[in-house]
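Student: Each chain is listed here by its residues.
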Amino acid sequence: MVTPLISTATVGHEFGPYDVTIEAERASAYADAVGGGESPDYGDSLAPIMVVAAALTMLIEDLGLFSGGLQTVHAGQEVSWVRQINIGEQVEATGRLAANSIRRGNHFATVAVTYRDSSGTEVGTSSTTIIVSGEAS
Amino acid sequence: MSSESTQRAVGDALKGFEREITQDRVNAYAEASGDHNPIHLDESYASSTQFGTRIAHGMLSLALVTEMLATEFPSTWHAGGKIKVRFSAPVFPGETVVTYGEITAIDESEDKLTATCTIGCKKTDGTDAVVGRATVPLE
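One line per chain: the protein sequences are A and B, in this order. Numbers 1 to 137, taken from the working numbering, label the letters of the first sequence in order. Numbers 1 to 139, taken from the working numbering, label the letters of the second sequence in order.
Just so you know, these hints were derived from the structure itself, not from any lab. Idealized CB from N, CA, C, for every residue including glycine. Certain hints may be false.
[Stated by the list, open to error] Simulated restraints on C-beta separations: (1) A:Arg-104 - B:Tyr-45: 20 to 30 Å; (2) B:Thr-127 - A:Arg-103: 43 to 53 Å; (3) B:Asp-125 - A:Ser-118: 44 to 54 Å.
[Said to hold, decoys possible] Here are a few chain A residues that sit away from chain B, every Cβ distance over 10 Å (derived from the structure): (4) Pro-4; (5) Glu-14; (6) Gly-36; (7) Pro-40; (8) Gly-64; (9) Ser-101; (10) Arg-103; (11) Ser-119; (12) Glu-122.
Only chain A is shown next, with the shape it has when bound in the complex (with noise of 0.2 Å):
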């Protein structure tokens, strides 16, 4: 069985980059899943959270939470956002591990993600909190 990085990942250690351009049937999938009579209209620009999830989803992937026997609980999380992004806008997303420690067994990890466009300028940034458990360190 492949050593997940959570287990062996240090502080500091870099993620991505992810391209997290977020296509029209993405953002239609979206607004079904979240949407309805109160929404607003976002028109053809995107809700930031939905940036956020795409980068957090590849982060889990890189990570190896979605090995067997794992089971990660999605304790926290931070955005700040500095401008609206577009659909089909291309934005890249980098990460960073800030934090990595075990408690009683359970890693608590933090990964903080910058967001930029396609001239580099950083559209938003984001820290998420995990807790992962189930595994053998």
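We have chain A; now place chain B onto it with these hints.
Tutor: Below, chain B alone, put in the same frame as chain A:
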């Protein structure tokens, strides 16, 4: 000043809403986010986990909270807004959550107003699912 700044005061409640988290919504969120973790989608797998059944993505509940913020602050939430939350309890498909928020402070810095809000969503039995804070520029 924009209408968002002139009409706001400490103690104002944000306009929350109620949403049933159906399995269809969870499935759609998996497509949107790319997160096809079986704990959200496969009842057979999920029954063997600590939760005993499928759970919604935490980010789905958070997305509902940000929908409330985008509706309350349509011109500023996506340009300078910040949130910090913790996920307090899993939401199971079939449960209903209610979003809520309240302005707890309005601060001025360099001639710019920023509102600080408590935010979150609760299940209908009162259990907190998402709890946190947001800051949003008001102009």
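Student: Take the hints in turn and mark each one as holding or not.
Tutor: The hints, checked one at a time:
1. A:Arg-104 - B:Tyr-45: 20 to 30 Å: The hinted range 20 to 30 Å holds for Arg-104 of chain A and Tyr-45 of chain B, with Cβ atoms some 25 Å apart.
2. B:Thr-127 - A:Arg-103: 43 to 53 Å: Given range 43 to 53 Å: violated, Cβ gap about 25 Å.
3. B:Asp-125 - A:Ser-118: 44 to 54 Å: holds, 46 Å
4. Pro-4: holds, 14 Å
5. Glu-14: Glu-14 of chain A is indeed farther than 10 Å from all Cβ atoms of chain B, at 20 Å.
6. Gly-36: violated, 6 Å
7. Pro-40: Non-interface label on Pro-40 of chain A violated, nearest chain B Cβ at 4 Å vs cutoff 10 Å.
8. Gly-64: holds, 13 Å
9. Ser-101: holds, 17 Å
10. Arg-103: Holds, because the least Cβ-Cβ distance between Arg-103 of chain A and chain B comes to about 16 Å, which exceeds 10 Å.
11. Ser-119: holds, 17 Å
12. Glu-122: holds, 13 Å
Figure legend: structure checked against the earlier numbered hints; hints not met, in rising order: 2, 6 and 7.
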